[in-house]
Amino acid sequence: MSVKPNPAFEPAEPTPAPLPTPRLAAAPSPADAPAVTLPRRRLPAMTGRYLVRALALLMALVVWHVATVTGFNFFVNFENVPAPLVVGQTLLAELASRDFYLHIAHSLGRVALAYAYAVVLGVLTGVLIGRSRWAEDIILPYIELFRPIPAVAWIPLAILMLPTEQSSIVFITFLGAFFPIVLNTVHGVEQTPDVLVRAARSLGANNRAILWHVVIPGAMPSIVAGLAIGMGVAWFSLLAGEIISGQYGIGYFTWNSYTLVQYPEIIIGMLTIGGLGTLSTLLVRKACTPLLRWQAKGGRP
Amino acid sequence: MNAVVSDNRLAILDHSRLRSRASAKGEGRGHVSVRGLSIEFDHNGGKRAAVQNAELDIRPGEFVCLLGPSGCGKSTLLNAIAGFVQPTRGTLSVDAQPVAGPGPDRGMVFQQHSLFPWKTVRENVAFGPLMAGVGRQEATSVARTFLSLVGLAAFEDAYPGTLSGGMQQRVGIARALANYPSVLLMDEPFGALDAQTRIMMQENLLEIWREFRNTVVFVTHDIDEAVFLSDRIVVMSASPGRIIADIRVELPRPREQTLLTSAEFMDYKRQCLDLIRQETLRAFQQQNGG
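Just so you know, the sequences run in chain order U and Z. Add 1 to a position in the first sequence, counting from 1, and you land on the number used in my numbering. Add 1021 to a position in the second sequence, counting from 1, and you land on the number used in my numbering.
Think of the hints as simulated: they come from the structure by calculation, not from any bench. Since this is a predicted model, take the numbers as computed values, not measurements. We put the CB at the ideal spot given by N, CA and C, even for glycine. Worth double-checking, as some hints may not be accurate.
[Said to hold, decoys possible] Only part of the chain U face toward chain Z is listed, based on derived beta-carbon distances under 10 angstroms: (1) Asn207; (2) Arg294; (3) Gln296.
[Claimed, not checked] Covered stretches of chain U (chain Z as the covering partner; in silico rule of three or more C-beta atoms under 8 angstroms from a C-beta of chain Z): (4) 193–206; (5) 209–222.
[As the list claims (entries may be wrong)] The following label-pair restraints were derived from C-beta to C-beta distances: (6) Asp1215/Z x Asn208/U: 29 to 39 angstroms; (7) Glu1224/Z x Asp195/U: 25 to 35 angstroms; (8) Asp195/U x Pro1275/Z: 47 to 57 angstroms.
Generate the whole structure from the sequences, applying the supplied hints.
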């Protein structure tokens, strides 16, 4: 992960305290806790819920199958949509080919690079905007103006302005991840409780210590939410970026299948992006949980 | 003066630091001097006085309660001593040093939710010493000392969110004391606690203060609390906040819960009650345009 654990609020001992801590304080309600960390539930209940989720996905497969087999055509037309079994066969063929993995590897590399830039620049910019009125007045108008522009719209300018195809794609992917990270960081930083800043000051903390010990850890739940959202957006911006590429990438794979009228491949490309996006978002959340350990233990302020 | 240590957990305190503080200038440190102090806030385009022409001298080691109805500016006065609020007129000094901003010589205990939720109990208490520049190890050991003092040594690894309100306030007191402040400022620290816990916390606080003997300025609107705790009760009136009475409480120490039903206690309580009642009535009439 590109977010470094902050030694200042990382507890000294890695093992959880075996204390009989009485849970006198009210547990955080799901409404006010950001949906970053799920509260630890009883295991059977959780497996039951995963079962339901798996069944829900399976149901879509069944509907898809029935619709293609019967040639369903009422407003939505399934006549030219490949059946799930055909897609499954094509997937097996793709999984056996070296190229498919090359596509994935290229995409993963681009997302990793773009995301790393987005995390570093996004968090820095967010903290700056959240802490300084000057920075807010100078930078925020740009953020507001550029944020609604979809990734695809950047393609021509990216090609014109950046030296290589690779850098254009990484730039477009970066933009997707950057905005949610900046805005969530700003939001988190601006919500620093005043009483905690006062407490820190009366304990002798200077501005830098307050930033490091109060503002950033306090903003962390919001920052982590931004990091998770940013990862998802990075993947769907990647597809737009890889329209440029003439060689490799899962977005290119999907786009190219469309021009070659290979319908099963289109669906495989789509599902691969969805799957990789979900997995990498999960990874971001997992990597960030140590930063939010205090919250998992009922530590809402 | 060598303090008689009645309780084992108090023996671990750094008595040399307490004593050096007490004998620094012949007299102890923690002299608070408030001269002609007025504090005004912007209010609906005009100015509204929260504190008006306050005169107050607090001797080193005195336990003073600022008592008054809500909105009388007692918290504002406390925040001014803490350095969070700038006075509009008048001067304010602690040990002849004009108050220019918040500092570790004036420890602050807030009403609630002032612990850093992302730091463990130990890290919260160690924060002050760490900011003072002692090493991490030293800060941790100071934190442990003060956590034992408030009886929470077993919870050093817990996060504040898992503690009860009373325990959180004890951590807050330990955190403020870990800097060995000459003045301890407390802003209705037990106001959010239930009655039973509050009485326990008051006894606990007096026990700790007996050891420290630093100056305490304690804001409350609870008359029982003010009489039980203080050497002196400074009564304030409602808007604008003025000091209207300064009552010396001559009840013997150490004070225990049984005191709450004694005749002398009732006398002090009645005296305060009358003053507060008059002020509350006056404020009511003011609000009703009378």
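Inset, instruction - With chain Z as the partner, please determine if Arg294/U meets the hint condition of a C-beta pair closer than 10 angstroms. - result: holds (8 angstroms)
Inset, instruction - Starting from the range 25 to 35 angstroms, see whether the pair Glu1224/Z and Asp195/U falls in it by beta-carbon distance. - result: holds (31 angstroms)
Inset, instruction - With 47 to 57 angstroms as the target window, see if Asp195/U and Pro1275/Z comply at their CB atoms. - result: Since the Cβ atoms of Asp195/U and Pro1275/Z sit about 37 angstroms apart, the hinted range of 47 to 57 angstroms is violated.
Inset, instruction - Tell me if Asn207/U is really an interface residue toward chain Z, meaning its C-beta lies closer than 10 angstroms to one of theirs. - result: Check passed: Cβ of Asn207/U comes within 8 angstroms of chain Z, closer than 10 angstroms.
Inset, instruction - Return holds or violated for the Cβ distance of Asp1215/Z and Asn208/U against the range 29 to 39 angstroms. - result: Because 38 angstroms falls inside the window, the suggested range holds.
Inset, instruction - Using Cβ atoms only, decide whether Gln296/U comes closer than 10 angstroms to chain Z, and label the hint accordingly. - result: holds (8 angstroms)
Legend entry - Coverage of the stretch 193–206 of chain U by chain Z (three or more Cβ within 8 angstroms): holds (count 11)
Inset, instruction - Check whether three or more residues of the stretch 209–222 of chain U sit with their beta carbon closer than 8 angstroms to a beta carbon of chain Z. - result: holds (count 6)
In this structure, only the earlier hint numbered 8 is contradicted, and the remaining ones agree with it.
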